[in-house]
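S.K.: Protein chains in written order, with the numbering used here: chain A, -13 to 614; chain B, 48 to 190.
Quick caveat, the hints were computed from the structure, so don't treat them as lab data. Please note that a few of the clues may not be correct.
SDA-like cross-link-like pairs, simulated, lysine to any residue; straight-line CA separation at most 20 angstroms [stated by the list, open to error]:
(1) A/K418 to B/M104
(2) B/K176 to B/I130
(3) B/K61 to A/L413
(4) A/K447 to B/K176
(5) A/K397 to B/D60
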Amino acid sequence: MQPGYVLVKEQLFFRKELIERLPWLIRLRWAVVVFGFAGCGASYLFWQWLPLPLLVLLSGVFCYNLLFLFIWRRLSPFKSQGVHPDSDSSFIRAQDVLRFNIFAHTQISLDLLALCLAIWYSGGVCSPLALFVIFHIILTGILLQPLSCYLYGVLVLLALGVLLWLQQGVHSPIFPLWYQHVILPHDGNSVANDFIGIVRYATLVAAVLITAFLVTTLKLSLRTKGRELLRLSKALDASNTKLTALYDMVKEMGMSTESKVLMDSATRLAAGIMGVKACSIKLLDEQHKKLRFASTYGLSEDYIKSKESIDIQKSPINRKIIDGAVYAIGHIEERDYFAYPEDIRQEGIASLICLPLRVEKRILGVFCVYSGAGASFTESDVQFFALMADLTAMEIEKLNTQLNRIWFLQKAAHQLRSPLHAVISMLKILQKGYLGEMNVKQEETVQRCEKRLELLDSLVKDLLSLSIRRTALNPDALHRVQAPEVLRVLSGLFESQAREKTIDIIFRIDENLPAVMATDRLLDDLFTNLISNALKYTPPGGKVTVCLTRAEEGGIRLEVTDTGIGIPEQDFSRLFSEFYRAENAKDFTETGTGLGLVIVKEILDQLKGAISVSSRIGEGSTFVCHLP
Amino acid sequence: MSCITDILVIDDDKDLVESMRIILESRQYGVRVAYNGKQGYEKIEAKIPDMIILDVMMATDTDGFDLAYKLKHQLEYRNIPIIMATSFPQKMAEEGSEKFQHILGESWPISHFIEKPIDPEDLLIVMEKILTEHKMEMNQSSV
């Protein structure tokens, strides 16, 4: 931010008080007018004496206050845009503040003139109204600059001095001391006594100057504190912005399902948060001998190529960072930091911070931010970047652990399925007679072997699918999918399966259904599991109906109804438990892993959908899914 | 020139390779085998096959894809039809292009995915279809 802009913002913050006090001043003046008139009324009531000059003066005050009110209403539209310190139109607001200042000076000058006249009409320097100048000095001290406060103080004293001179000089007092003349007993000497007059005036001078001094000192001290508060609030604001950005960064990194995506987010966001031109993550190779760029932001291709692989033994800086040191370099050119400083100069890097990416005591690599300006990092920047580096390292480690887990599961599934597939393939060769004809009993046995192995294969496949789904990492990025298209692709496959089992299968798919947030694979798995279940537990000659319609509550509704064996009521609660198969299901068919409905439930949870089941033993079952 | 169609089966599972050899030889295909991508490439260099049946995961998780990619970048080998055998044909077909980004941007090298365990009849149907299409394409391009 420009320093000038900051200064204007700061000044505006303090001018706010002036602008807020102006209508208060107008209200206060109404009170003075009301009390003034009431006082004149009381004087007439108790002493049958009406101070006419005072009444005229009060009427004048009343009139100019009306005028001020009118001007204030004209000015107030600027108020809303003029005082907000965070608004951007600071230039216009600075002009508005000037208008408010002139307005305040006009009001205070007129008030002081009115007060001087009131003092003059009410007996001069010795008038009790003379004390009221003190209030004006206080008011000026609060609202205006200290210099203005002293200036008004001096003006008032000059005016009162002139009055004193008029009273004591050749001119006799124009107006008598009302309170001594009318309200209090008259002593006859006060006005004539020069000495008393001078002493009273001197006391007033002292009182006015002391008041001006106290008020301005207090105000300056308050203003200093206010500035400090403003600075603190700004620092807090900045910290808050940084922390919010850091939170967003961690959130974005947490959603990444690939290391490269995660690190690209980290470098891009870190450069943004730190306000620098570039950022990079270099990771250590498995032998911990070389550092390679894993992600960069804002660095040129040439620079990345020139530092593609850094041998740690040949790079003392990187070696120290790997050992845990923090490198914050304010001026690249100041010392002989780098082996090839010209590369860094060409890249436009003037200062940088490099930190180890560390998870507990293990070092993953080096995290750097590069600035185009020299000495652009403060101690707090380094601390904040260290926090960012720790969080990034944790996220990288977390994702790697999850990816390793998935890799292990996939590898384990592959290793388990490979021999199974080889055996099944060999059995198929036997069964199809590639190695000569088999007798009926041999063929039956081979068929049974094949079925059991296929079940084992399905089990491995389902377990893999379920395990990957249950890792914290969610590999499926949801997008808008047309469910009818997915179901239509599957319908052909299920129609041929149903034909083989002599089951009648009907698909009713409504046109113009809304798209749902899912992936083709998730919907495919969901539909496949539900429909193959219905086909599996429906005896030959039965019927399966699949309806895909618009749901009343929005989204889509899938209803799979069969005329199969049905589900016993006591098994409803355990239907979505792992490896659970109802007794009648086990009796009906040996195939079935007990994981199909668990997968269905987990897919629906992921898609924020719901499922309900209704069934009657021997009559069939209906599964209804709702997808938003 | 021999009229026997030469099929190269590349898979690290020897039992599966033998099963495929039995199936293919029953239809008078000439069968050569290799047990990893490197061996497979050497056999291709020795003699260009009419078709390759390739496993995805062999010496490395992407050995099959790496070989397919390598072949598609060489003028003399780029037209060899490739059938990829995998336990996850749907997943491979859908995600292969995303997972193996080094292949993306080029033409997708795989002619067909076939699911393991291999059904002999399915395999033969697919092979015959691809070989016929390939022959027609070659004839058209030579005309």
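S.K.: Hints first: check each against the structure and report whether it holds.
M.R.: So, going through the hints one by one against the coordinates:
no., hint, in the structure
1, A/K418 to B/M104, "violated (27 angstroms)"
2, B/K176 to B/I130, "holds (12 angstroms)"
3, B/K61 to A/L413, "holds (15 angstroms)"
4, A/K447 to B/K176, "violated (29 angstroms)"
5, A/K397 to B/D60, "holds (15 angstroms)"
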